[in-house]
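Residue numbers (our numbering), protein chains in the order written: chain A, 1 to 91; chain B, 1 to 92.
Since the hints were made in silico from the structure, they are not lab data. A portion of the hints provided could be inaccurate.
Facing chain B, according to a computed beta carbon distance under 8 Å, are these residues of chain A, among others [unchecked claim]:
hint	residue
1	M1
2	L6
3	I7
4	T12
5	K27
6	F29
7	K33
8	I44
9	G60
10	Y69
11	K73
12	F79
13	T83
14	E88
15	K90
By construction, the Cβ of each residue, glycine as well, lies at the ideal position given by its N, Cα and C atoms.
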Amino acid sequence: MTKQDLIRYMMTELGYSRRDSMALIDKTFEIIKNSLLKGESVRITNFGNFVVKEKGERIGRNPKTKEEYVIKKRTTVIFKPSTNLRKELKK
Amino acid sequence: MKKSDVISELSRELNLSQKKANEVVDFIFEKMREAIENNNRIEIRGFGTFYVKSYKPRKGRNPKTGEIVSVPPKRLPFFKMGKELKKSLIKE
């Protein structure tokens, strides 16, 4: 599923124009993204949480060449599926 | 930030009633959830992708007691940040 599919669903099922559907979808993800960029996690009930996590420096290895290098400290976003989504996927 | 904050901000920024904003946000995540449940990959440019991994049933061990237990098959969704999000996070 891509953004284009989401736009199409929104047009047919909620009756928004293509332009409005796109604006609504883009804005929604922009709001979430901005929160994550501020380091603030986002919790979406019945879907999951987007958690901002600081990962420390560690030694990595190129599995092909076996060469070692330092993976620097970095910030990443982890998705934690909601309990009911997790349950649904166990069926 | 929780879902209701996303809804309020969407309503404020796009001049939409709270009720409509709520409907839109619920709709988006409901569709995404359906896609995940159907094992479909989701790609939202600039944000990221979601994909589902399947795990076969296996015999595991209770690390405390050493007891052998069977772990049932399961599926788990994963999220990978989009390039844009990744770049911005590193810059901050």
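Hints, verified against the model:
A hinted interface residue such as M1 (chain A) counts as satisfied when its beta carbon comes closer than 8 Å to some beta carbon of chain B; here the least separation is about 4 Å, so the hint holds. Evaluation of the L6 (chain A) hint against chain B yields a held restraint, the C-beta minimum of about 6 Å falling below 8 Å. Annotation: I7 (chain A) was flagged as interfacial toward chain B, and the flag is violated, the nearest CB pair being 10 Å apart, outside 8 Å. At its closest, the beta carbon of T12 (chain A) sits 11 Å from a beta carbon of chain B; the interface hint therefore is violated under the 8 Å criterion.
Taken as an interface hint, K27 (chain A) checks out: its beta carbon lies about 6 Å from the nearest beta carbon of chain B, inside 8 Å. With a least beta-carbon distance of about 5 Å to chain B, the hint placing F29 (chain A) at the interface is held under the 8 Å criterion. Given hint, K33 (chain A) at the interface with chain B, holds; its Cβ is 6 Å from that chain's nearest Cβ, closer than 8 Å. Taken as an interface hint, I44 (chain A) checks out: its beta carbon lies about 5 Å from the nearest beta carbon of chain B, inside 8 Å.
Taken as an interface hint, G60 (chain A) does not check out: its beta carbon lies about 16 Å from the nearest beta carbon of chain B, beyond 8 Å. Against a cut-off of 8 Å between C-beta atoms, the interface hint on Y69 (chain A) is violated, since the closest Cβ of chain B lies about 17 Å away. With its C-beta approaching chain B no nearer than about 10 Å, K73 (chain A) sits outside the 8 Å limit, and its interface hint is violated. The beta carbon of F79 (chain A) is positioned within 8 Å of a beta carbon in chain B (closest approach about 3 Å), and the interface hint is therefore held.
Annotation: T83 (chain A) was flagged as interfacial toward chain B, and the flag is violated, the nearest CB pair being 13 Å apart, outside 8 Å. Here the hint on E88 (chain A) is kept, as its CB sits about 6 Å from the closest CB of chain B, short of 8 Å. A least Cβ separation of about 5 Å between K90 (chain A) and chain B falls short of the 8 Å threshold, and the interface hint therefore holds.
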